[in-house]
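Sequence lines, in order, name chains D and U. Residue numbering for the first sequence follows our numbering, starting at 1 and increasing by one per position. Residue numbering for the second sequence follows our numbering, starting at 244 and increasing by one per position.
What the hints contain is simulated information worked out from the structure, not anything from laboratory work. A few of these clues could be false.
One-sided excerpt, in silico: chain U residues whose CB lies under 8 Å from chain D [unchecked claim]:
#	residue
1	Arg287
2	Asp357
3	Ser359
4	Asp362
5	Ala366
6	Leu367
7	Gly368
8	Ala369
9	Ser370
10	Arg371
11	Gln373
12	Glu381
Derived lysine to aspartate or glutamate pairs resembling EDC-like cross-links, with alpha carbons at most 16 Å apart [said to hold, decoys possible]:
#	chain 1	residue 1	chain 2	residue 2
13	D	Lys88	U	Asp362
14	D	Lys9	D	Glu26
15	D	Lys81	D	Asp69
16	D	Lys157	D	Glu64
17	D	Lys9	D	Asp21
18	D	Lys88	U	Asp357
Nothing here was measured: the structure is a model prediction, and the numbers come from that model. We put the beta carbon where it would ideally sit given N, CA and C, even for glycine.
Spelled out, the chains give:
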Amino acid sequence: MTVLLALEKVTRRFGPVTALDSVSLEAGEGEIVGLLGPSGSGKTTLLRLAGMLDCPTEGRILLEGEQMDAEGDRNLATRRKIAMILQKPVVFRGSVIRNATYGLRLRKVEAEEARARAMEALRDVGLDGMAGRAAHTLSGGEVQRLAFARAAVLRPKLLLLDEFTANLDPANITMLEKAVRRFRESGGTVVMVTHNLPQARRQADRVGLLLSGKLVETGPPQRFFDSPETKEAREFLNGTMVW
Amino acid sequence: MLPIPPDELIEITLRSLLVSGAATALGSLLAIPLGSWLGLTRFRGKRIAKTILYTFYGFPPVVAGLIVFFLLSGKGPFAELDLLFTIEAMILAELILVIPLVAGITLSSVAEVDQSVLDTARALGASRRQVRATALREARSGVMTGIMVAFGGAVSEVGAAMLVGGNIQYHTRVLTTAVVQETRQGNFEYAATLGGILLIITFGIYYVLGYFQERGPR
Numbered sequence: 001m002t003v004l005l006a007l008e009k010v011t012r013r014f015g016p017v018t019a020l021d022s023v024s025l026e027a028g029e030g031e032i033v034g035l036l037g038p039s040g041s042g043k044t045t046l047l048r049l050a051g052m053l054d055c056p057t058e059g060r061i062l063l064e065g066e067q068m069d070a071e072g073d074r075n076l077a078t079r080r081k082i083a084m085i086l087q088k089p090v091v092f093r094g095s096v097i098r099n100a101t102y103g104l105r106l107r108k109v110e111a112e113e114a115r116a117r118a119m120e121a122l123r124d125v126g127l128d129g130m131a132g133r134a135a136h137t138l139s140g141g142e143v144q145r146l147a148f149a150r151a152a153v154l155r156p157k158l159l160l161l162d163e164f165t166a167n168l169d170p171a172n173i174t175m176l177e178k179a180v181r182r183f184r185e186s187g188g189t190v191v192m193v194t195h196n197l198p199q200a201r202r203q204a205d206r207v208g209l210l211l212s213g214k215l216v217e218t219g220p221p222q223r224f225f226d227s228p229e230t231k232e233a234r235e236f237l238n239g240t241m242v243w
Numbered sequence: 244m245l246p247i248p249p250d251e252l253i254e255i256t257l258r259s260l261l262v263s264g265a266a267t268a269l270g271s272l273l274a275i276p277l278g279s280w281l282g283l284t285r286f287r288g289k290r291i292a293k294t295i296l297y298t299f300y301g302f303p304p305v306v307a308g309l310i311v312f313f314l315l316s317g318k319g320p321f322a323e324l325d326l327l328f329t330i331e332a333m334i335l336a337e338l339i340l341v342i343p344l345v346a347g348i349t350l351s352s353v354a355e356v357d358q359s360v361l362d363t364a365r366a367l368g369a370s371r372r373q374v375r376a377t378a379l380r381e382a383r384s385g386v387m388t389g390i391m392v393a394f395g396g397a398v399s400e401v402g403a404a405m406l407v408g409g410n411i412q413y414h415t416r417v418l419t420t421a422v423v424q425e426t427r428q429g430n431f432e433y434a435a436t437l438g439g440i441l442l443i444i445t446f447g448i449y450y451v452l453g454y455f456q457e458r459g460p461r
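Just chain U, same shape as in the assembly (with noise of 0.2 Å):
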């Protein structure tokens, strides 16, 4: 018999979708952009940008929440916007997580789209937006990767969330949160149990999203 309810068990679920899908689409719509043209302009400086990106790929989860805190702490700038402790909070905390992964991954993706790819749009008439949704859209592999691993990051840490959502029962206690919580409790099987939800929703978000990054024209 499980310690808590199964509806709050669902509840800590779909809460968990929310949090990483949305940072992880919020995400994915600030990053592919971002990633693209990085990834395609030429600029003084790039090299630096580009190195400066790939170190946010390991970017601790907890810092990412102290800055969050920070500013939405009563002393921070945005303190009267009252996130703090908010599923909004979580979001806000991922995104810092998931965007240099997807931007990373996105420049990685398109910079090596051939030349040739990108010189047939252009002597088809494309303009540099167009020609950039043809390198996004040659190197969609890459990119559905890059959404992909973020989405991990994002569904499996701990750190990012405990700091900013304090994992308060029916508002913002998400499956990882939970896993702490139970194992300082010594619910060893019951943390087992949300561990292997974890995994399974994992697993069955990344069928999907590889379902559709093979399928398609290629």
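The shape of chain D in the complex, shown without the other chains (with noise of 0.2 Å):
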């Protein structure tokens, strides 16, 4: 498998607190990777690092091999291989059409063929037939489910997603996984956060436990879930761990 992100030996501290303490990880071409833990465990930092909206204080991430630069533009190329979808997703001012288009109308995409683009990315997650109404009236579902199609219309290499199913009904879950399927088998890479651990089980392709801002674990899930290696680890997971 080829590895499309790594991170190698991240360091991310903010004054005295350490965020991410020395995390080594790679996804590789079309894998999904979870990443787990509780809060404040430094999962958020690590996927605003590997989108290249912050920096590490320590160590270099990596995409396809070139060292990713989040400084100002220097790296806009790279930067716009990556998209990523906050843990709070927000929509812009305007219709539901225009936030979906709106990474393309930045990547100066002609008007028809974002158009184009935005509606196939909108029927995927059930919204096609909202794209005139105003977005800030949709429902945080719906919300979700745009933030969703706005950057998988851009077709990135990598897409992170920070508890993107997070307060969503099972039918809005149900379609935003198959929707990352769907990226997936287009050969697209995705890490993902969650605190969901059947949705980790069920989507990705491993599976890393994050602690302190150390990574202590990782592994495919069903040997994880099922046996995993570590006391932290196995803690985690049957609800003993004290945080």
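Got two chains here, separate frames each, mind docking them using the hints?
Pasting the structure below:
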């Protein structure tokens, strides 16, 4: 498997707080990596670093072997190979279709093509019938579906999902999980943070557990969930970990 | 019956709109990028820069006029431009009033745009300039308010227009300077009429700007 994303001994400190501590992780092309861990364990920090929204204090992050530099616009072309959905997705002013074409307009994709691609992405998440609606009138679940379509339409090589189905009903969760699988089948790589353990088991090809900024264990979901190797993973999974 | 012919009245009114409109438009072109840059960029001394900008909110129009007067007068560095007592000089003086207002209100408006909106823009591949454009679009109500406030300040000011324009009939007389002139001459009814026209015009402009502020995608 060709490695798409590689974190090499990445540390991120915020003043005296070490949010990530020498984490090394790889994600291959067409792979779904699930990141688990309690709140405050560094999952979102890791995603923000991988999404080039932040810079590591130490270590380096590579995409297709090229070192990423989140500072300014120096690596804009690399950043445009990645799309990230934040934990609490927001919509921009304007209609659903205007939101869905946002990233394509940034990339100067011709209007007609952008609209066609956006409609296809909206169809994938069941929002094509709402294309003309003001985005701020959507429900929470619809906003999360729109956020997914807005990112997936860019056909990024790497899609970063931060609790992308949190607070959603089962129907919305199923719809988005299917969309993630379709994205993966088209060759895309996904790194997803989730608190939903069954979801990680269903979706991920590999899972990793972060605790206090350290990656304590990674492995295939079946092995990780059925026979975790570390004491910390066992305690996390059976709910006895004191946090 | 009006003490001056209607065609002169129309001319004065149009000149007022031209001077204030041009100052507001030109000032906004400069001030909106400046305000959004100040609002979204971190740099040392930002607090001081903001405070200086806010201080200029209360900049006396007559002082703005005085500065432009000195610059353009016979002993000033730009004397050879021969702009004193022209519409261009009036626009220049009003620019000094417009820029801090539009820049300051733009700054506050973009600074209030939620960080998650800016992060989302970056996460979808926006460059720095595109992030600023997105923030401006999200803050457009506030930016429009800045433009409206600045236009109100420009169209209603009299000190700068009088100093650098000179209230010359058929040349630089505008509604506000005409009000002063007519009041001094005891033509109170006419001065009141001019004041009424000024109010109606301001109402009309604000109505149109307000429409654009509220209209469009939210």
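Interface hint status, U/Ala369 versus chain D (Cβ within 8 Å): With Cβ-Cβ at 5 Å, under 8 Å, it holds.
Holds or violated: D/Lys157 with D/Glu64, Cα cutoff 16 Å? 10 Å, holds
Given a cut of 8 Å on the nearest C-beta pair, is the interface hint for U/Ser370 held or broken against chain D? 5 Å, holds
Chain D contact restraint on U/Gln373 - CB to CB distance below 8 Å: 5 Å, holds
Do the numbers back the hint for U/Ser359, that is, is its least Cβ distance to chain D under 8 Å? 5 Å, holds
Does the closest beta carbon of chain D sit nearer than 8 Å to the beta carbon of U/Arg371? OK, holds: U/Arg371 within 8 Å of chain D, min 6 Å.
Using Cβ atoms only, decide whether U/Gly368 comes closer than 8 Å to chain D, and label the hint accordingly. With a minimum Cβ separation of about 4 Å from chain D (threshold 8 Å), the hint on U/Gly368 holds.
Keeping to a limit of 16 Å between CA atoms, is the pair of D/Lys9 and D/Asp21 held or broken? 8 Å, holds
Going by Cβ atoms only, is U/Arg287 closer than 8 Å to chain D? 17 Å, violated
Are the Cα atoms of D/Lys81 and D/Asp69 separated by 16 Å or less? Roughly 13 Å separates the two Cα atoms, so the pair holds.
Restraint outcome when U/Asp357 is required to lie within 8 Å of chain D by C-beta distance: At 7 Å from the nearest chain D Cβ, U/Asp357 passes the 8 Å test, so the hint holds.
Can we keep the U/Asp362 interface hint, with Cβ of chain D closer than 8 Å? 6 Å, holds
The structure fails hint 1 only (numbered hints given earlier).
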